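A.B. asks: The sequence shown maps to residues -20 to -1, 1 to 413 in mature numbering (1 follows the signal peptide of the UniProt record, and there is no 0).
Since the hints were made in silico from the structure, they are not lab data. Certain hints may be false.
27 Å max Cα-Cα, derived DSS-like pairs, lysine-lysine [stated by the list, open to error]:
1) Lys354 - Lys403
2) Lys403 - Lys118
3) Lys403 - Lys146
4) Lys357 - Lys403
5) Lys146 - Lys118
6) Lys118 - Lys212
Owing to the predicted nature of the structure, the values given are computational and were not obtained by experimental measurement.
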Amino acid sequence: SKRRGMLVVVLSSLFAAALAAPNANDAPSRLPLLRKRHVAGSMVTRVPRIFLSAAALGGGEDPRRNPSHGIHGSHDISTAGSRAHVSHVSRRVPGYVASSQSGEMSSARVDGEKEGGGDAHEWVWRGNKIAWKEAGPKDGPCVVLIHGFGVSSSQYRDNLPALAAKGYRTFALDLLGLGSSEKPVIDYSIEMWADQVSDFVQEVVGRPSVLVGNSIGSLIGLAVAQPSRIEKYAFPLVNGLVLINCAIGMNSKIKEDPSIPPWQFFILSSLFGLVDFVLNSPVAKPLFNSLRGQENIRNLLTNLYANPARVDDYLVREVVTAANDVGAFEVFVKILTGDPGTRPEVLMEDVMVPTYVLWGDNDPVTPINGPVGKYFKGLSEGGDLGSSVNSNGRNPQSTTTFETLPGAGHCPHDDDPAVINGKIAAWLDTLLR
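The whole structure should be built from the sequences, with the hints applied where relevant.
C.D. replies: Here it is, written out as structure tokens:
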């Protein structure tokens, strides 16, 4: 109907403005709802990045699910408080698990032993099943891959086996609420995910690890690497960080930003309040459900990739499958309306481990010339941004390396894995061997 169509346009415009807001000073041209670009002779419609997350997490049913798929070599875990005791058991776990909220079946599942480039397992954390993968020699230096919002560890499909082939014991896990992990309707935060990754390193990996994160995965890595967190664990969890196009927060809400004038900050705060209201209203789910089809998701992903050929059937299928889990839409709303968390610039002040920052210069989500990109680039180059000494008496600039990736988008690790694998492996070799 005309009324429904008008509502979709209005909501879309609000969401587009809200998600573009953190970068408004740097790229005002990102505010229009739709933009077009030509890729290899075809036209791709640019859409607000809110819709990637919406489509990736919208609710519904997927008739392609195969309950015969299982998980091999899983861990049985009994929890005591926030810590989990791991007993290694080789068994087959049914492909579907019961939702902790409704008892319905959801898809906390991994298809086959070598799904996504590694051996697939399951781990129970705080009563929820977490999907994870591993590859590489048992005695190799450890690397943990942390994915971004709206996707899963499957996006590391060509990074995990490549790093493993270089001799690194490589792990990739699905964050709670995303991918093939369970999706309880709880409050989500960067700190909660940092707890998950910290416990994973201690209880599953068992050794200090280099954390490699993309987007909010980078932010989670920074949170895990805080000395105040690490001191609570039995051993130093982190011995290095690789940050790929680091996000500004769990969502695009702004708690503080000196680059934004007070009047604009007031307007943006009001806008985010309106977005929260709309996302929690009955109209939100039908809107997002209308965007979760395979072709819509393919178009949304293509806007984040420099090489559209990498947005293949496997990647689209993984995102669509997660979008149809029980609780997926509710998790999306919780994430987008929650506290964005501590800014990366603040977290970086207390990071004590060597840090390698990679940034695609064609990223439409976190532009390299945005406040976070400028911060990390300046930190590596020195000058005003790289001259401060933190509370631990360390200058973060001294162990930070920044590298620009010409032409790369928001997900360069999957866009051009051969190049990124080579860069990360070379840095790891210098750090760990």
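A.B. asks: Is the hinted pair Lys354 and Lys403 satisfied, with a Cα-Cα distance of at most 27 Å?
C.D. replies: Holds: Lys354 and Lys403 sit about 21 Å apart, inside 27 Å.
A.B. asks: Run the distance test for Lys403 versus Lys118: straight-line Cα separation, threshold 27 Å.
C.D. replies: 23 Å, holds
A.B. asks: Do the alpha carbons of Lys146 and Lys118 lie within 27 Å of each other, as the hint requires?
C.D. replies: 13 Å, holds
A.B. asks: Is the hinted pair Lys118 and Lys212 satisfied, with a Cα-Cα distance of at most 27 Å?
C.D. replies: Holds: Lys118 and Lys212 sit about 26 Å apart, inside 27 Å.
A.B. asks: Would you mind confirming whether the straight-line C-alpha gap from Lys357 to Lys403 stays at or under 27 Å?
C.D. replies: Roughly 17 Å separates the two Cα atoms, so the pair holds.
A.B. asks: Straight-line Cα separation of Lys403 and Lys146 no greater than 27 Å?
C.D. replies: 12 Å, holds
This entry satisfies every hint, going by the numbered hints stated previously.
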